[in-house]
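**Q** Here's the letter readout for the chains.
Protein chains: 2
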Amino acid sequence: MAETIEKAKDAVAAVTEQVKNVVVGSGEQAKEAADEVKGPSKSAQKKAEKEAKKAAEKAAKAAKLAAAPAAGGKKQDDTIGLTVTKADNFPQWYQEVVLKSEMIEYYTEISGFFVMRPATMYIWNVIRKWFTERIEAMGVDETNFPMFLSSKSLEKEKDHVEGFAPELAWVTKAGDKDLEVPVAVRPTSEAVMYPYYSKWIRSHRDLPLRLNQWNSVVRWEAKQTTPFLRAREFLWQEGHTAHLTEKLAGEEVLEILELYAGVYEQLLAVPVVRGTKTENEKFAGGYYTTTVEGYIPSNGRGIQGATSHCLGQNFSKMFDITVEDPAEKGKHINVWQNSWGLSTRVIGVMVMIHGDDKGLVLPPRIAKNQVVVIPVGITKSTTPEAKAAHEEQLQSIKATLKKAGVRAVDDLREGYTPGWKFSDWELKGVPLRIEFGPKDAANEVVSFARRDTGEKGTIPIADLATKVPELLETIQSDLYKKAEKSFDEHRIVIDDWEKVVPALDAKNVVQIPFCLEPKCEDKIKELTTAKHDQEPDASVPQAASMGMKSLCIPFKQPKEVAEGQKCLNPECQALAKKYVMFGRSY
Amino acid sequence: MAETIEKAKDAVAAVTEQVKNVVVGSGEQAKEAADEVKGPSKSAQKKAEKEAKKAAEKAAKAAKLAAAPAAGGKKQDDTIGLTVTKADNFPQWYQEVVLKSEMIEYYTEISGFFVMRPATMYIWNVIRKWFTERIEAMGVDETNFPMFLSSKSLEKEKDHVEGFAPELAWVTKAGDKDLEVPVAVRPTSEAVMYPYYSKWIRSHRDLPLRLNQWNSVVRWEAKQTTPFLRAREFLWQEGHTAHLTEKLAGEEVLEILELYAGVYEQLLAVPVVRGTKTENEKFAGGYYTTTVEGYIPSNGRGIQGATSHCLGQNFSKMFDITVEDPAEKGKHINVWQNSWGLSTRVIGVMVMIHGDDKGLVLPPRIAKNQVVVIPVGITKSTTPEAKAAHEEQLQSIKATLKKAGVRAVDDLREGYTPGWKFSDWELKGVPLRIEFGPKDAANEVVSFARRDTGEKGTIPIADLATKVPELLETIQSDLYKKAEKSFDEHRIVIDDWEKVVPALDAKNVVQIPFCLEPKCEDKIKELTTAKHDQEPDASVPQAASMGMKSLCIPFKQPKEVAEGQKCLNPECQALAKKYVMFGRSY
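Residue numbers (UniProt numbering), protein chains in the order written: chain A, 1 to 586; chain B, 1 to 586.
Hints listed in this document are in silico derivations from the structure and should not be mistaken for laboratory results.
It is possible that part of the hints are untrue.
Copies of the same chain look alike in the list, so a pair counts if it fits in one copy or across any two.
What the hints assert, rightly or not - Straight line, CA to CA, 16 Å or less: simulated EDC-like cross-link-like pairs of lysine to aspartate or glutamate:
(1) LYS152 x GLU162
(2) LYS358 x ASP424
(3) LYS199 x GLU102
(4) LYS368 x ASP141
(5) LYS129 x GLU142
(6) LYS485 x GLU265
(7) LYS578 x GLU560
(8) LYS368 x GLU142
(9) LYS398 x GLU435
(10) LYS173 x GLU221
(11) LYS177 x GLU167
(12) LYS566 x GLU517
(13) LYS368 x GLU136
(14) LYS177 x GLU221
(15) LYS456 x GLU435
(16) LYS556 x ASP488
(17) LYS368 x GLU473
(18) LYS398 x ASP463
(19) LYS556 x GLU258
(20) LYS525 x ASP505
(21) LYS559 x ASP496
If we strip away everything but chain A, and leave its shape as in the complex, we get (with noise of 0.2 Å):
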């Protein structure tokens, strides 16, 4: 009798690890679990049918959710894991990844629009928490316009209203009202804020005026829209600042441009270029752009990770503000502005970069939680006591780790196999996993696995509180030194136009002699373009079509532009004056 009740708790333990494991998998694969199981007593059969009648409802509420129109007319798949390899298909990768890591929710009621959900939040908070820091350190204060434009302030600046009119929100009405005169939502603050600036800057003495504030703005763009990397609403900080003169300006431009590198390799572990952008590419208005610029190696592409923009005297012209030159009486002088901005862009880039197979790869810097705990080698053999005396242990090596300033969770979930939670933290991005089990207790040693290069070890208890802080700063830069490696591989200095697509197509950025002419940088779009009417060739794969654009001028020329060089484009007659660096691009 003690035996047919020992083995009728097994079958239902079967069951249940079986049914928690394909969690909201498949109603069927549950049902087929509990088939299989041979009752040896008709309340375990029947508790097994239960537990399968249970998963399937899941199921099928999954199912009725997964077939709810998702963005782009995408399904969402509720399995566990990546169900495509980075490798293979990485747009439906990256998709994955952002939505299964719970970083992620698509805003079925308006396509281009995105859930920030809390690991999202937490990343940004480190983010904002750390550049506030520094900029409160120069003196920058904390601001908070309104989110509406009147059309009238956005015309002042040509170039401005241009750049930005195609992508506006208008709001027509409110309540059951047409409003007499619309308004748009701010796709960036400049007009919203200027005509202040002109009526709070009266003399010198109010020089620097800086400001900044946290927001979102709207941009509704046509273009396709991605997770992080391209929404039509998203969070950003804006600076605006104001100065007497051109080199005060300058001096802050480039200021700000390292606090976003290092956002970039200090606490994501991306590398970036710093560079100027072009006429072309630079911001709508303004006098000249910085940028930071990175790169995905998965598709070779370049992408924009932050602007710091000098606007020079355009706006402070078109909105009049001016202060009394301070060494000459009586002659007035248009102030010299900045803006500058930093969006949850980053974090795109930052999964794009690090993720795996596997799920998402967090930096240590920025992970909610650093590391995970999880007891292993507990079986139903385990005594009730043995199980809470081993659970006692691992909550003080939690402990331990916290003390030492570690960010540390435990996984004690009741029914999930010591594998599956592992899925489960990986795709999480976790960077450290620590196992504890019976045999690592008797040895004093916890063991750990890597999320970014999966090695195995193990760590005496007793020097956990130093020696998890420094793998943690080792993953934090093996992290950092890879992407690099990878970038320098692929920024590729070509002095021979022939080299330039097959360069793109091998996924490298290419950085080439260039005339600096804005037509000359339309033409070499176009010429980079594949022209599939044209010239029909099958063995140029679809991706390739993209034309390449200027990335940046980099600060760090690769080598000097020789005496009489020619621009690469071939069409082009005017001598070269910097290597700049293009590629396909987000």
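On the provided structure of chain A, position chain B as indicated by the hints.
**A** For chain B alone, kept in the frame of chain A given last:
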């Protein structure tokens, strides 16, 4: 000759002083000042005239700006200091305080919107940090949902859509194209978020789900707007949670309400009454609403402080948010939901309560600058060396304060009298002024003046690190006690209907026995609204025409409703159920 030069210097200094002190007040005044100077030399006379001209130019510019159309047709006055007293003209006093202390700027482009300047954002960020720490400890995660809403989602809950539809801002166009389906800017996010709660909550193990977001919402009010208190866009946090049972939801509602009371009482030094809203005043679509209610002594009005709602199962039924009952397999139950929000309104309430005829009065805990250190007693006979030594000593005082955790600034601006500086910092509400002159130095003390009471005294330099933090806490506590005394004295229990309106006219809120019936509440409002057409009565002041509405049913009842006690409304025959706080209100 030496004497002539000395006189000329003095004359220039005198003019400069006067010019600086009128700043942008009036160019005429500066001109007169210049004219009064009996020039001992041509060059001094010329210089004086130049200064006067400069001042006149500034005045002209200021006048131009002041003449720009402001919200509600109001004009902005740039004179330093307030032009009306709090007692004489409270609305204008308030408007001047928030403008001149540089908390707010009217957004003249679109009426009903305001710019939050750094003085405001500092306070909001203190509140944000305080509140975030506490809700994180409760297990609330941060999220960010899109700002737009489809009408389909909004219409799911009937009362909810009816409550918000009249104030929705509708986006109907993107670029130059009409949207196929217009979208509304969120007035609150229940209908934005809950479709995802339905997706994410699949089992009771997913409960509680607790998310919070910091954002801005738009309610296109038809009523007159007031900075902080009623704006068409405002900053807030909105928490949205789901629970298994009514009891668990109800516990959280009160836990959050207590945090809201903490923001008022502990940070802003503002007393509030905790209670429940009546049916008429509860959240549209909710089950019940709890609230903290404040009181503005200057006009005797009540003001809603912040609300924490239990939504019951209304939304979970409409949005299909269910879990299987853990106590009964196969039975599905709708989750219990809460939503709760606290907005920048809190800052307006604080300004109205503590401010005085000199301007803003900030409680030390939320003041960016808690102490300003100003040098005094420096005259033209002070040698440059003595001045430098004095300022060095002053810097060391500031450093001592900073080291003690006090947010201290100095004011070493040249060309402004100490008196002008005192007024400037008083206007901005800095809680404590420290004056430091040669006499103080000789006695090894500093002189201080409290912003709230004007009380003056000295503190030995050796005791600064302990005495100043103590004094700041005393100021914080005294501000609270003063406001609490006022609220206690003007919250009157009334059991006689005839006494109600006179009590309101005497700037009280009242607590009356009430039947809790919505129709009776409407009637009470009607009965207490002065109908000038029917009862012309010159003795009733204009402001008194406003009827009273219910503010809350205080948790702490002033006394028990007596057996058989009738509702106070003379036209109501029902029994009273509770003492309810009524008042004229914002």
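**Q** Please go over all the hints and tell whether each is borne out by the structure.
**A** We went through each hint and held it up to the structure:
Taking identical chains as interchangeable, the C-alpha atoms of LYS152 and GLU162 lie at most 16 Å apart only when both belong to the same chain, with a minimum of 13 Å there against 34 Å between chains. Taking the shortest Cα distances, LYS358 and ASP424 sit within 16 Å of each other inside one copy (9 Å), while across copies they are farther apart (61 Å). Taking the shortest alpha-carbon separations for LYS199 and GLU102, only the inter-copy value of 12 Å comes in at or below 16 Å, while the best intra-copy value is 45 Å. For the homomeric pair LYS368 and ASP141, the shortest alpha-carbon distance between copies (11 Å) is at most 16 Å, but the shortest distance inside one copy (28 Å) is not.
Taking CA atoms no more than 16 Å apart as the test, LYS129 paired with GLU142 passes in both settings, with 13 Å inside one copy and 15 Å between copies. In the homo-oligomer, the alpha carbons of LYS485 and GLU265 lie at most 16 Å apart inside one protomer (13 Å), although the nearest pairing across protomers, at 56 Å, exceeds that limit. In the homo-oligomer, the alpha carbons of LYS578 and GLU560 lie at most 16 Å apart inside one protomer (8 Å), although the nearest pairing across protomers, at 85 Å, exceeds that limit. When the C-alpha separation of LYS368 and GLU142 is checked against a cutoff of 16 Å, the pair qualifies only between copies, where the shortest distance is 12 Å, while the shortest distance within a copy is 26 Å.
For the identical chains of this complex, LYS398 and GLU435 are intra-copy neighbours only, at 12 Å inside a copy versus 52 Å across copies, given an alpha-carbon limit of 16 Å. Only between protomers do LYS173 and GLU221 lie at most 16 Å apart by alpha-carbon distance; the minimum there is 13 Å, versus 22 Å within a single protomer. When the C-alpha separation of LYS177 and GLU167 is checked against a cutoff of 16 Å, the pair qualifies only between copies, where the shortest distance is 10 Å, while the shortest distance within a copy is 24 Å. Taking CA atoms no more than 16 Å apart as the test, LYS566 paired with GLU517 passes inside one copy only; the shortest distance there is 13 Å, against 86 Å between copies.
For a Cα distance limit of 16 Å, the shortest separation of LYS368 from GLU136 across copies, 13 Å, qualifies, whereas the shortest one inside one copy, 24 Å, does not. For a Cα distance limit of 16 Å, the shortest separation of LYS177 from GLU221 across copies, 12 Å, qualifies, whereas the shortest one inside one copy, 27 Å, does not. Taking the shortest Cα distances, LYS456 and GLU435 sit within 16 Å of each other inside one copy (10 Å), while across copies they are farther apart (64 Å). When the C-alpha separation of LYS556 and ASP488 is checked against a cutoff of 16 Å, the pair qualifies only within one copy, where the shortest distance is 13 Å, while the shortest distance between copies is 69 Å.
When the C-alpha separation of LYS368 and GLU473 is checked against a cutoff of 16 Å, the pair qualifies only within one copy, where the shortest distance is 15 Å, while the shortest distance between copies is 36 Å. In this homomeric assembly, LYS398 and ASP463 come within 16 Å of each other (Cα to Cα) only inside a single copy, at 13 Å, whereas the closest approach across copies is 44 Å. With identical chains, the CA atoms of LYS556 and GLU258 are at most 16 Å apart within one copy only, with a shortest distance of 14 Å there and 56 Å across copies. Proximity of LYS525 to ASP505 under the C-alpha cut-off of 16 Å is restricted to the intra-copy arrangement: shortest distance 15 Å within a copy versus 75 Å between copies.
Within a single copy, LYS559 and ASP496 get their C-alpha atoms as close as 15 Å, which meets the 16 Å cut-off; across copies the closest is 92 Å, which misses it.
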